[in-house]
Amino acid sequence: MTRSIAALALAAAALAGPARAAYPDRPITMIVPFAAGGPTDVVARIVAEPMGRTLGQQIVVENVAGAGGTTGSTRAAQAAPDGYTIEMGHMGTHGAARAVYPDLKYDPVKDFAPIGLAAGTPIVIVARKDFPAQDLKSFVAYLKANSDKLNEAHAGVGSVSWTTCSYLNSLVGAKPTRVAYRGTGPALNDLVAGHVDYMCDQIVNLVPQIQAKTIKAYAVALPDRSPALPDVPTTKEAGLADFQVTAWNAIFAPKETPPEIVKKLSDALQKALADENTRKRLLDLGADLSNKAATTPDGLRKHVESEVSRWDKVLKGATAGAGAAPPK
Amino acid sequence: MDVETRAAPSHAPAPRRGAVRSPRDLLAGASLVVLSLLALASGSRLEGGTLRAMGPGMLPRAMAWAIGAGGLLLVVFSFLRRGPPLGRWPVRGPVFITLSVVAFALTIRSVGLVLAGPLVVLVSGAAASDVRPKELLVFALLMTAACVGLFRYVLGLPIPILTLPGFTL
Amino acid sequence: MGDLLQHLALGFSVAFTLQNLGLGFLGCLIGTLIGVLPGIGPIATITMLLPITFGIEPTGAIIMLAGIYYGAQYGGSTTAILVNIPGEVTAVVTTLDGHQMAKQGRAGAALGVAAIGSFFAGCVSTLIIAALAVPLTRLALLFGSAEYFALMVAGLAVAVVLARGSILKAILMILAGVFLSTVGTDLETGVERFTFGYAPLADGVDFAVLAMGIFGFAEVLRNLEAMEQREVVSTPIGRVWPTASDLRRSAAPILRGTLVGAVLGILPGNGAVLGPFASYALEKRLAKDPSRFGRGAIEGVAGPESANNAGAQTSFIPLLSLGIPPNAVMALMVGAMTIHGIVPGPLVMTRNPALFWGVIASMWIGNLMLLVINLPLVGAWVKLLAVPYRLMFPAILLFSSIGIYSVNNSAADVLMTAGLALVGWVLSKLDFETAPLLLGFVLGRLMEENLRRALSLARGDPATLLRRPISLGLLAVAAVVLVVAVLPSISRGREQVFAED
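Taken in order, these protein sequences are the chains called A, B and C. Quick note on this note's numbering: the first sequence kicks off at 4 and runs consecutively. Quick note on this note's numbering: the second sequence kicks off at 17 and runs consecutively. Quick note on this note's numbering: the third sequence kicks off at 13 and runs consecutively.
Isolated chain A (complex conformation) (with noise of 0.2 angstroms):
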């Protein structure tokens, strides 16, 4: 008798809080929003494996592209809050979405439970390699004088591209003619080719290139030097200090996401980005490492609220002027 009640209040147990039981006990799904190959994919890969293996579950990499990123966070938004579900958004699906689209189906600050900055990909200037300037200083000169003779490549409204160098050319003042691609290789191919003058892109796509010298780097929109691109100045030193904007890769859960289960993922990841085999796999690429603030999730939490009050204001300009015609 007292071991049928005692394995009926088992069963009872294990069915009653099935949250409460060892999270996580299946496989859990990270969504990243854009396309696999990309930066913000390769640094969820990348961090995904050593998380992974501190929580004893896999972390499947799920690619739901789309709308500039926000069909994946939407549909990272509207999952289960089990833990089960979380996201790779980055800077521009939790921090400048809100300005860019104005449909936007999810809130980045209310719709979502941090759990931590993962890695940024610091921005970087640059341009075709026979533009008539040497460095920031002229670049910017030059730029403010001629800027409606000047072609700025992007991967379209709403990309990293797009919305650094709405950023940049609010900065400096120009109202270039901004050229849409379909992606950020297009873009890098007409820059090398020439066709096209300048564009503000994520450092992982550019080491190579600038390496091989088919583009010239201007600077870093980082506070020190990249290791991946030592011989490149900081926005600070080369005179445009205002100009600092990372595209941070961050993990969020959705909004009802138990505290308990918030705290497993936010330590795997600490423990992960702790980790050296990951920290030189993420450098390697170019990363920034240096946001150990916003890598819990009270410090992502204040990071993403800063960033979209950030690009609200500085969108207000760039987006009016994206959807009209160029000035004449």
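Errors might be hidden in some of the hints.
Calculated lysine-lysine pairs in the DSBU-like style (CA-CA distance at most 35 angstroms, straight line) [said to hold, decoys possible]:
(1) A/K283 x A/K132
(2) A/K216 x A/K152
(3) B/K150 x C/K441
(4) A/K152 x A/K140
(5) C/K395 x B/K150
(6) A/K305 x A/K274
Hints listed in this document are in silico derivations from the structure and should not be mistaken for laboratory results. Being a predicted model, the structure only gives us computed values, none of them experimental.
Using the hints, position chains B and C against chain A.
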């Protein structure tokens, strides 16, 4: 199957009384005109832009105009050139096929391949005039099992096999 | 020359290790499989297999993934010939004559010639990559947006040549395809076009969805109707292998197709897509009896198949020599290499010669493996055609539905396919051909993007298209092709009108 009739040019002679010499072309042309008008209407709020900055509306609108013009041309030709009659439009095939694929789409995520697979095979199989129900049922189950093995286990694709509340396979 | 041999020797020594051979074989096998299965393509598969490659060292990983890519080209032709469903964009042209050949009991010949042609093209292209990668890249960089636009226009003109029946209707279908390609979010302004607020359409219609619905499923509907009218659908089982005369007639098209495909494949931005279409048009132009095309002319399979494989190989050139991926699959390769710590770029050739030359050598080996895999399968595929159609087509629908679903894990895509199937049925009832629609769709997007960019860069001056030599030349080709294609039907039509009065 007779290859020739399927690829027949639209000016095969047919005995015709009345002004319309090619009813099929008339319908074809008229539908295109209607569709192009719909396209122009739904795209009317898109900016055309200038040559210097082509707007989102420029190419679609140009295409819609061109298609409309072509449709009109077809309509005109249908009065001038002989062409095939409208022909029979048996709906059994299209209805069953479309329903079967829709059934798949509606059940694949909510129930899984276990139901969606046999559904698509059974419903579409019903479209065949020489359908043999028992054979079809066995085939449906076998094929679904084969697909589960192939897509899920050999290729590792995340196709939902069976979705019960609280548990997904 | 001595250098080249040395490099190739290095490459073969890398590629011939047991592990790399095994990985290459695995890649080719998987590639063939997913090429055959409708809907699923190399992108989804490579994405899925990426994590598995973490444990393997980079060269081996790339060899396997590359095998999947060009293996899929071989496989995609198989479904195109057997069931009129193009597994890849490049297989659309193969359906035109390949499927007709299958209907006439010559599926074996079509499949055989496709495999042989692809193998030849693969070998030649690998040589081209090995010898001419760098100079060819420099050539490709000459292509700016104006040139690409002109190329796309030439491609669309070529699409008119694909028409079997009414030229006017073919042109209308091309225009309709271009129109369809504008559905989705506009790249430059972010505005949504013709999506009616329906989220799955925000990124436009997927090619696989369109091809499957309007092309593949509509074919099923056509066959069903023929069955109902008591016409015999079962195919006569003819000879399994190509005859000597088949091979003789295919030889020159294979050569020409290889050249055309190889050249177009180099152009970043998916130039490879145009290869098969250009080859088909060329063969039709050169043939003594062009009316055979569209009714089972083997040249219409040999040329395009060689072109598509040549293009698949040479599309690695921008990736290997510049580090810039020319299409989505190559972008995945970049990701795969990056994850393994090798960032592709212009210096990979000198910094990582083992990887560079190893991959090139493995491509040649891979083509050989694919020939070995595919040729024996021809017999099996032909026997498959003997399955009674009442069972065949539900199976096709099942595989296709799963395939479409798996592209984006989206049931909405499957729904769209159903709708498009109805559209395709209506189109065929009205004597509209759908191959030109597909081509218009593929080229339309590229054409619009490049036109806007070209005009934007030229500050609104359309004369820029005529001032630049390459684009002028291509536009001239387009004009000539169009005139030559349209002229006969105008005079024929006029005769007809007057004759009846």
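Here's how the hints hold up against the structure:
Distance restraint check for A/K283 and A/K132: the Cα-Cα separation of roughly 30 angstroms lies within the 35 angstroms cut-off, and the hinted pair is therefore satisfied. About 24 angstroms separates the Cα atoms of A/K216 and A/K152, which keeps this hinted pair within 35 angstroms; it holds. Pair hint B/K150 plus C/K441 holds up; C-alpha atoms about 33 angstroms apart against a cutoff of 35 angstroms. At roughly 18 angstroms between alpha-carbon atoms, A/K152 and A/K140 fall within 35 angstroms of each other, so this suggested pair holds.
For the hint linking C/K395 to B/K150, the alpha-carbon distance of about 24 angstroms falls within 35 angstroms, and the restraint holds. At roughly 21 angstroms between alpha-carbon atoms, A/K305 and A/K274 fall within 35 angstroms of each other, so this suggested pair holds.
Hint violations for this structure: none, all hints satisfied.
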